[in-house]
Amino acid sequence: MATMDFSTLSMTEIVRLQNQLQQELTRRFEQPMALAFSDIAGSTAYFARFGDAAGRQLQQLHLDLLQACLPGHEGRLVDTAGDGAFLTFASTDAAALAMIELENAISRENTTRSRERQLQLRIGIHHGPVLTDGVVVSGDAVNLCARVASSARPGEIRLTREAFQELALMLRLNCRPVPNAELKGVARAVELLALDWRDHAVFPTRVRVQETREDLELPAQDIISFGRLREHEGTSANDIVLTPADPAQARLISRWHFELRRWPDGFRLRPVSDGVTEVNGVAVAKGEEAKVGPGATIRVAHVLTLVLTSPRKAVPEDLAATRRVG
12 MATMDFSTLS MTEIVRLQNQ LQQELTRRFE QPMALAFSDI AGSTAYFARF
62 GDAAGRQLQQ LHLDLLQACL PGHEGRLVDT AGDGAFLTFA STDAAALAMI
112 ELENAISREN TTRSRERQLQ LRIGIHHGPV LTDGVVVSGD AVNLCARVAS
162 SARPGEIRLT REAFQELALM LRLNCRPVPN AELKGVARAV ELLALDWRDH
212 AVFPTRVRVQ ETREDLELPA QDIISFGRLR EHEGTSANDI VLTPADPAQA
262 RLISRWHFEL RRWPDGFRLR PVSDGVTEVN GVAVAKGEEA KVGPGATIRV
312 AHVLTLVLTS PRKAVPEDLA ATRRVG
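Everything in the sequence shown is counted per the working numbering, starting at 12 for the first residue and increasing by one.
Don't read these hints as lab results, they were simulated from the structure.
Misleading hints may appear alongside valid ones.
As the list claims (entries may be wrong) - Pairs of lysine to aspartate or glutamate, DMTMM-like flavour, derived with a Cα cap of 20 Å:
#: 1; residue 1: K302; residue 2: E120
#: 2; residue 1: K297; residue 2: E270
#: 3; residue 1: K302; residue 2: D276
#: 4; residue 1: K302; residue 2: E270
#: 5; residue 1: K195; residue 2: E173
#: 6; residue 1: K297; residue 2: D285
#: 7; residue 1: K195; residue 2: D144
#: 8; residue 1: K302; residue 2: D210
#: 9; residue 1: K195; residue 2: D207
#: 10; residue 1: K195; residue 2: D210
As the list claims (entries may be wrong) - Pair by pair, the computed Cβ-Cβ distance ranges are:
#: 11; residue 1: P140; residue 2: T254; range: 49 to 57 Å
#: 12; residue 1: S102; residue 2: V197; range: 23 to 31 Å
#: 13; residue 1: L20; residue 2: A179; range: 26 to 34 Å
#: 14; residue 1: T254; residue 2: L184; range: 31 to 39 Å
#: 15; residue 1: E120; residue 2: R199; range: 55 to 63 Å
Every residue gets a Cβ at the ideal spot worked out from N, C-alpha and C, and that includes glycine.
Kindly produce the complete structure, drawing on both the sequences and the hints.
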(Lines of atoms letter the chains of each structure in order from A and count residues from 1; the text may use other names and numbers.)
(Lines give C-alpha, C1' and ligand atoms only; values in the text may rest on other atoms or scores of the structure.)
Protein backbone atom coordinates (compact mmCIF):
# COMPACT_ATOMS: atom_id res chain seq x y z
CA MET A 1 0.00 0.00 0.00
CA ALA A 2 1.34 3.39 -1.01
CA THR A 3 2.21 5.77 1.83
CA MET A 4 -0.03 8.84 1.94
CA ASP A 5 1.51 12.28 2.21
CA PHE A 6 -0.37 14.05 5.01
CA SER A 7 1.90 17.10 5.02
CA THR A 8 -0.20 18.89 2.43
CA LEU A 9 -3.55 18.30 4.16
CA SER A 10 -5.25 21.07 6.07
CA MET A 11 -6.55 20.53 9.61
CA THR A 12 -10.12 20.36 8.29
CA GLU A 13 -9.15 17.72 5.75
CA ILE A 14 -7.40 15.64 8.41
CA VAL A 15 -10.47 15.81 10.68
CA ARG A 16 -12.67 14.70 7.79
CA LEU A 17 -10.27 11.86 7.06
CA GLN A 18 -10.34 10.80 10.71
CA ASN A 19 -14.13 10.65 10.61
CA GLN A 20 -14.08 8.60 7.42
CA LEU A 21 -11.55 6.16 8.88
CA GLN A 22 -13.55 5.83 12.10
CA GLN A 23 -16.73 5.08 10.16
CA GLU A 24 -14.92 2.51 8.01
CA LEU A 25 -13.33 0.89 11.07
CA THR A 26 -16.71 0.58 12.74
CA ARG A 27 -18.46 -0.65 9.61
CA ARG A 28 -15.92 -3.36 8.86
CA PHE A 29 -14.72 -4.53 12.24
CA GLU A 30 -17.21 -3.68 14.98
CA GLN A 31 -19.66 -6.36 16.08
CA PRO A 32 -21.46 -7.39 19.29
CA MET A 33 -19.86 -10.36 20.98
CA ALA A 34 -20.14 -12.51 24.11
CA LEU A 35 -16.98 -12.19 26.19
CA ALA A 36 -15.66 -14.00 29.25
CA PHE A 37 -12.65 -13.70 31.53
CA SER A 38 -11.47 -16.32 34.03
CA ASP A 39 -8.82 -15.62 36.63
CA ILE A 40 -7.29 -17.75 39.40
CA ALA A 41 -8.22 -16.51 42.88
CA GLY A 42 -5.44 -16.32 45.46
CA SER A 43 -2.64 -17.17 43.04
CA THR A 44 -0.11 -14.75 44.55
CA ALA A 45 -0.40 -16.42 47.95
CA TYR A 46 -0.29 -19.84 46.26
CA PHE A 47 3.00 -19.03 44.50
CA ALA A 48 4.46 -17.67 47.75
CA ARG A 49 3.45 -20.75 49.73
CA PHE A 50 4.13 -23.60 47.31
CA GLY A 51 6.72 -22.14 44.93
CA ASP A 52 6.95 -21.24 41.26
CA ALA A 53 6.70 -24.79 39.91
CA ALA A 54 3.49 -25.56 41.81
CA GLY A 55 2.05 -22.17 40.89
CA ARG A 56 2.80 -22.73 37.22
CA GLN A 57 1.17 -26.18 37.43
CA LEU A 58 -1.99 -24.58 38.84
CA GLN A 59 -2.03 -22.09 35.95
CA GLN A 60 -1.66 -24.94 33.47
CA LEU A 61 -4.48 -26.89 35.14
CA HIS A 62 -6.73 -23.83 34.72
CA LEU A 63 -5.93 -23.60 31.00
CA ASP A 64 -6.22 -27.35 30.38
CA LEU A 65 -9.65 -27.57 32.01
CA LEU A 66 -10.74 -24.42 30.21
CA GLN A 67 -9.67 -25.55 26.76
CA ALA A 68 -11.45 -28.87 27.24
CA CYS A 69 -14.73 -26.97 27.73
CA LEU A 70 -14.50 -24.67 24.72
CA PRO A 71 -15.08 -26.89 21.64
CA GLY A 72 -18.62 -27.88 22.62
CA HIS A 73 -19.67 -24.26 23.09
CA GLU A 74 -18.09 -22.53 20.06
CA GLY A 75 -15.63 -20.79 22.35
CA ARG A 76 -12.23 -19.37 21.48
CA LEU A 77 -9.29 -18.65 23.75
CA VAL A 78 -8.16 -15.22 22.57
CA ASP A 79 -5.39 -14.48 25.02
CA THR A 80 -3.79 -15.44 28.33
CA ALA A 81 -1.94 -13.18 30.73
CA GLY A 82 -0.55 -14.43 34.03
CA ASP A 83 -3.37 -16.20 35.83
CA GLY A 84 -6.14 -15.07 33.49
CA ALA A 85 -7.73 -16.09 30.23
CA PHE A 86 -9.80 -14.04 27.76
CA LEU A 87 -12.47 -15.87 25.75
CA THR A 88 -15.08 -15.14 23.12
CA PHE A 89 -18.23 -17.09 22.25
CA ALA A 90 -20.87 -17.16 19.53
CA SER A 91 -23.57 -16.34 22.11
CA THR A 92 -23.93 -15.40 25.77
CA ASP A 93 -25.76 -18.68 26.41
CA ALA A 94 -22.72 -20.53 25.08
CA ALA A 95 -20.42 -18.47 27.30
CA ALA A 96 -22.52 -19.20 30.39
CA LEU A 97 -22.81 -22.93 29.66
CA ALA A 98 -19.07 -23.21 29.00
CA MET A 99 -18.24 -21.50 32.28
CA ILE A 100 -20.68 -23.77 34.15
CA GLU A 101 -18.99 -26.79 32.58
CA LEU A 102 -15.62 -25.35 33.59
CA GLU A 103 -16.70 -24.87 37.21
CA ASN A 104 -18.03 -28.43 37.38
CA ALA A 105 -14.77 -29.74 35.92
CA ILE A 106 -12.86 -27.83 38.60
CA SER A 107 -15.07 -29.32 41.32
CA ARG A 108 -14.28 -32.82 40.05
CA GLU A 109 -10.56 -32.01 39.97
CA ASN A 110 -10.64 -30.50 43.46
CA THR A 111 -11.90 -33.75 44.99
CA THR A 112 -8.35 -35.07 44.64
CA ARG A 113 -6.63 -31.93 45.94
CA SER A 114 -6.07 -30.78 49.52
CA ARG A 115 -7.85 -27.67 50.79
CA GLU A 116 -4.68 -25.60 50.46
CA ARG A 117 -4.20 -26.60 46.81
CA GLN A 118 -7.74 -26.09 45.54
CA LEU A 119 -8.21 -24.33 42.21
CA GLN A 120 -10.72 -21.48 42.40
CA LEU A 121 -11.63 -19.03 39.66
CA ARG A 122 -13.25 -15.64 39.41
CA ILE A 123 -15.28 -15.43 36.20
CA GLY A 124 -16.90 -12.49 34.41
CA ILE A 125 -19.21 -12.50 31.38
CA HIS A 126 -20.25 -9.47 29.31
CA HIS A 127 -21.95 -8.84 25.99
CA GLY A 128 -21.06 -5.74 24.03
CA PRO A 129 -19.51 -4.20 20.89
CA VAL A 130 -15.88 -4.98 20.13
CA LEU A 131 -13.47 -4.40 17.29
CA THR A 132 -12.27 -7.67 15.79
CA ASP A 133 -10.67 -8.95 12.62
CA GLY A 134 -11.35 -12.53 13.58
CA VAL A 135 -8.13 -12.82 15.57
CA VAL A 136 -7.58 -9.69 17.64
CA VAL A 137 -10.48 -8.57 19.88
CA SER A 138 -10.37 -5.17 21.56
CA GLY A 139 -12.50 -2.35 22.91
CA ASP A 140 -14.06 -0.98 26.08
CA ALA A 141 -16.27 -4.06 26.39
CA VAL A 142 -13.15 -6.22 26.80
CA ASN A 143 -11.80 -4.02 29.58
CA LEU A 144 -15.19 -4.01 31.32
CA CYS A 145 -15.45 -7.80 31.20
CA ALA A 146 -12.01 -8.15 32.80
CA ARG A 147 -13.07 -5.81 35.62
CA VAL A 148 -16.27 -7.79 36.17
CA ALA A 149 -14.22 -10.97 36.62
CA SER A 150 -11.91 -9.28 39.13
CA SER A 151 -14.94 -8.17 41.17
CA ALA A 152 -16.29 -11.71 41.52
CA ARG A 153 -15.79 -13.82 44.62
CA PRO A 154 -13.79 -17.07 44.35
CA GLY A 155 -15.94 -19.69 42.66
CA GLU A 156 -18.44 -17.10 41.38
CA ILE A 157 -19.61 -16.34 37.83
CA ARG A 158 -20.67 -12.70 37.47
CA LEU A 159 -22.50 -11.15 34.54
CA THR A 160 -23.29 -7.63 33.47
CA ARG A 161 -26.89 -6.60 32.89
CA GLU A 162 -26.10 -6.57 29.15
CA ALA A 163 -25.05 -10.23 29.30
CA PHE A 164 -28.06 -11.18 31.43
CA GLN A 165 -30.44 -9.69 28.85
CA GLU A 166 -28.96 -11.97 26.17
CA LEU A 167 -29.52 -15.17 28.17
CA ALA A 168 -32.25 -17.71 27.57
CA LEU A 169 -35.04 -17.86 30.15
CA MET A 170 -33.79 -20.94 32.02
CA LEU A 171 -30.35 -19.42 32.52
CA ARG A 172 -31.89 -16.13 33.63
CA LEU A 173 -33.81 -17.97 36.32
CA ASN A 174 -30.47 -19.05 37.80
CA CYS A 175 -29.24 -15.47 38.15
CA ARG A 176 -29.48 -13.29 41.24
CA PRO A 177 -28.63 -9.61 41.64
CA VAL A 178 -25.47 -8.60 43.50
CA PRO A 179 -24.66 -5.09 44.76
CA ASN A 180 -23.70 -2.66 42.03
CA ALA A 181 -19.94 -2.37 41.80
CA GLU A 182 -17.64 0.55 41.10
CA LEU A 183 -15.07 -1.17 38.91
CA LYS A 184 -11.54 0.14 38.61
CA GLY A 185 -11.12 2.17 35.44
CA VAL A 186 -14.89 2.19 34.71
CA ALA A 187 -16.50 5.60 35.14
CA ARG A 188 -20.02 4.32 35.90
CA ALA A 189 -21.45 1.96 38.48
CA VAL A 190 -22.08 -1.38 36.77
CA GLU A 191 -25.17 -3.49 37.45
CA LEU A 192 -24.09 -7.06 38.08
CA LEU A 193 -25.70 -10.45 38.61
CA ALA A 194 -24.32 -13.78 39.78
CA LEU A 195 -25.07 -16.97 37.88
CA ASP A 196 -25.82 -19.80 40.32
CA TRP A 197 -24.15 -22.64 38.47
CA ARG A 198 -24.79 -25.34 41.07
CA ASP A 199 -28.00 -27.39 41.23
CA HIS A 200 -29.69 -26.12 44.40
CA ALA A 201 -31.79 -29.26 44.60
CA VAL A 202 -28.50 -31.08 45.30
CA PHE A 203 -26.17 -28.43 46.72
CA PRO A 204 -27.39 -26.30 49.66
CA THR A 205 -26.37 -22.66 49.63
CA ARG A 206 -26.91 -21.67 53.27
CA VAL A 207 -26.71 -23.07 56.78
CA ARG A 208 -29.01 -22.10 59.65
CA VAL A 209 -27.83 -22.40 63.26
CA GLN A 210 -31.04 -23.07 65.14
CA GLU A 211 -29.82 -22.20 68.65
CA THR A 212 -28.38 -18.78 67.71
CA ARG A 213 -30.76 -18.14 64.76
CA GLU A 214 -27.84 -17.36 62.48
CA ASP A 215 -28.43 -17.79 58.75
CA LEU A 216 -25.08 -18.01 56.96
CA GLU A 217 -24.16 -18.27 53.30
CA LEU A 218 -21.97 -21.21 52.35
CA PRO A 219 -18.89 -20.01 50.45
CA ALA A 220 -18.57 -21.16 46.84
CA GLN A 221 -15.74 -23.57 47.63
CA ASP A 222 -15.24 -27.27 47.11
CA ILE A 223 -14.12 -27.78 50.72
CA ILE A 224 -15.92 -25.80 53.46
CA SER A 225 -14.60 -26.08 57.02
CA PHE A 226 -16.64 -25.78 60.24
CA GLY A 227 -15.21 -25.36 63.76
CA ARG A 228 -14.91 -23.05 66.74
CA LEU A 229 -11.51 -21.54 65.80
CA ARG A 230 -11.72 -18.23 64.00
CA GLU A 231 -8.03 -17.62 63.24
CA HIS A 232 -4.84 -19.64 63.22
CA GLU A 233 -1.40 -18.08 62.84
CA GLY A 234 -2.89 -14.89 61.44
CA THR A 235 -5.14 -16.50 58.83
CA SER A 236 -8.77 -17.59 58.80
CA ALA A 237 -9.11 -21.05 60.36
CA ASN A 238 -12.67 -22.00 59.41
CA ASP A 239 -15.10 -20.89 56.73
CA ILE A 240 -18.02 -21.26 59.15
CA VAL A 241 -17.14 -20.42 62.76
CA LEU A 242 -19.38 -22.25 65.24
CA THR A 243 -20.04 -20.15 68.37
CA PRO A 244 -22.62 -21.32 70.93
CA ALA A 245 -24.56 -18.68 72.82
CA ASP A 246 -23.22 -20.17 76.07
CA PRO A 247 -19.41 -19.66 76.14
CA ALA A 248 -19.07 -22.63 78.48
CA GLN A 249 -20.22 -24.91 75.64
CA ALA A 250 -17.66 -23.64 73.14
CA ARG A 251 -14.94 -26.08 74.26
CA LEU A 252 -17.19 -28.99 73.35
CA ILE A 253 -16.79 -28.00 69.69
CA SER A 254 -13.42 -28.85 68.15
CA ARG A 255 -11.19 -26.16 66.70
CA TRP A 256 -11.68 -27.85 63.34
CA HIS A 257 -14.79 -30.01 63.65
CA PHE A 258 -15.94 -31.15 60.20
CA GLU A 259 -15.78 -30.34 56.50
CA LEU A 260 -18.24 -30.33 53.64
CA ARG A 261 -16.61 -31.63 50.48
CA ARG A 262 -18.24 -31.02 47.11
CA TRP A 263 -18.56 -34.00 44.76
CA PRO A 264 -20.38 -34.08 41.42
CA ASP A 265 -23.39 -35.75 43.06
CA GLY A 266 -23.54 -33.51 46.15
CA PHE A 267 -21.81 -32.58 49.39
CA ARG A 268 -20.23 -35.16 51.64
CA LEU A 269 -19.69 -34.38 55.32
CA ARG A 270 -16.41 -35.58 56.80
CA PRO A 271 -15.59 -35.12 60.51
CA VAL A 272 -11.96 -34.12 61.08
CA SER A 273 -12.06 -34.40 64.89
CA ASP A 274 -13.16 -36.92 67.49
CA GLY A 275 -15.92 -34.56 68.63
CA VAL A 276 -19.48 -35.77 68.19
CA THR A 277 -20.97 -35.11 64.74
CA GLU A 278 -24.40 -36.45 63.78
CA VAL A 279 -26.19 -36.26 60.44
CA ASN A 280 -29.96 -36.69 60.62
CA GLY A 281 -29.57 -38.36 64.00
CA VAL A 282 -26.81 -40.80 62.96
CA ALA A 283 -23.28 -40.39 64.36
CA VAL A 284 -20.49 -40.02 61.80
CA ALA A 285 -17.01 -40.96 63.04
CA LYS A 286 -13.81 -39.11 62.23
CA GLY A 287 -12.64 -40.03 58.72
CA GLU A 288 -16.03 -41.39 57.66
CA GLU A 289 -18.34 -39.60 55.22
CA ALA A 290 -22.06 -38.93 55.00
CA LYS A 291 -23.84 -37.48 51.98
CA VAL A 292 -25.81 -34.33 52.82
CA GLY A 293 -28.12 -32.07 50.86
CA PRO A 294 -30.76 -29.39 51.40
CA GLY A 295 -32.75 -30.15 54.54
CA ALA A 296 -30.03 -32.20 56.22
CA THR A 297 -29.66 -31.65 59.98
CA ILE A 298 -26.18 -31.70 61.49
CA ARG A 299 -25.80 -31.94 65.26
CA VAL A 300 -22.44 -30.68 66.55
CA ALA A 301 -21.11 -31.78 69.94
CA HIS A 302 -24.68 -31.98 71.31
CA VAL A 303 -24.73 -28.15 71.56
CA LEU A 304 -25.48 -26.79 68.07
CA THR A 305 -27.97 -27.85 65.40
CA LEU A 306 -27.22 -26.86 61.81
CA VAL A 307 -29.74 -27.13 58.98
CA LEU A 308 -28.57 -26.94 55.36
CA THR A 309 -30.93 -24.97 53.14
CA SER A 310 -31.38 -23.75 49.57
CA PRO A 311 -33.68 -20.71 49.72
CA ARG A 312 -35.93 -19.98 46.79
CA LYS A 313 -34.05 -17.78 44.35
CA ALA A 314 -35.20 -14.20 43.87
CA VAL A 315 -36.14 -13.41 40.27
CA PRO A 316 -34.57 -10.20 38.89
CA GLU A 317 -37.16 -7.45 38.58
CA ASP A 318 -37.24 -7.15 34.80
CA LEU A 319 -37.61 -10.92 34.41
CA ALA A 320 -40.38 -11.01 37.02
CA ALA A 321 -42.20 -8.30 35.09
CA THR A 322 -41.80 -10.26 31.87
CA ARG A 323 -43.23 -13.36 33.48
CA ARG A 324 -46.23 -11.49 34.87
CA VAL A 325 -47.02 -9.98 31.47
CA GLY A 326 -46.48 -13.27 29.65
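Here is what the structure says about each hint:
In summary, the hint linking K302 to E120 is supported, as the alpha carbons are separated by about 19 Å, within the 20 Å threshold. In summary, the hint linking K297 to E270 is supported, as the alpha carbons are separated by about 11 Å, within the 20 Å threshold. Taking the CA atoms of K302 and D276, the gap is near 9 Å; set against the 20 Å cutoff, the hint holds. As the CA atoms of K302 and E270 are separated by approximately 12 Å, the hinted pair is consistent with the 20 Å bound.
Pair hint K195 plus E173 holds up; C-alpha atoms about 19 Å apart against a cutoff of 20 Å. Restraint check: the Cα-Cα separation between K297 and D285 comes to about 6 Å, which is no more than 20 Å; the hinted pair holds. Between the alpha carbons of K195 and D144 the distance comes to roughly 28 Å, so the proposed pair goes past 20 Å and is violated. For the hint linking K302 to D210, the alpha-carbon distance of about 15 Å falls within 20 Å, and the restraint holds.
For the hint pairing K195 with D207, the CA-to-CA distance comes to about 25 Å; that exceeds 20 Å, so the pair is violated. Note on K195 and D210: the hinted pairing is violated, with a Cα-Cα distance of about 32 Å set against a maximum of 20 Å. Remark: the range hint 49 to 57 Å for P140 to T254 is upheld by a beta-carbon distance near 50 Å. A beta carbon spacing of about 24 Å between S102 and V197 agrees with the range 23 to 31 Å that was offered as a hint.
In this structure the hint that L20 and A179 lie 26 to 34 Å apart at CB is violated, the actual value being about 51 Å. For the pair T254 and L184, the beta carbons lie near 35 Å from each other, so the given range of 31 to 39 Å is met. For E120 and R199, the Cβ-Cβ distance of about 37 Å falls outside the hinted range of 55 to 63 Å, so the restraint is violated.
The structure does not agree with the numbered hints 7, 9, 10, 13, 15 stated previously, though it agrees with the rest.
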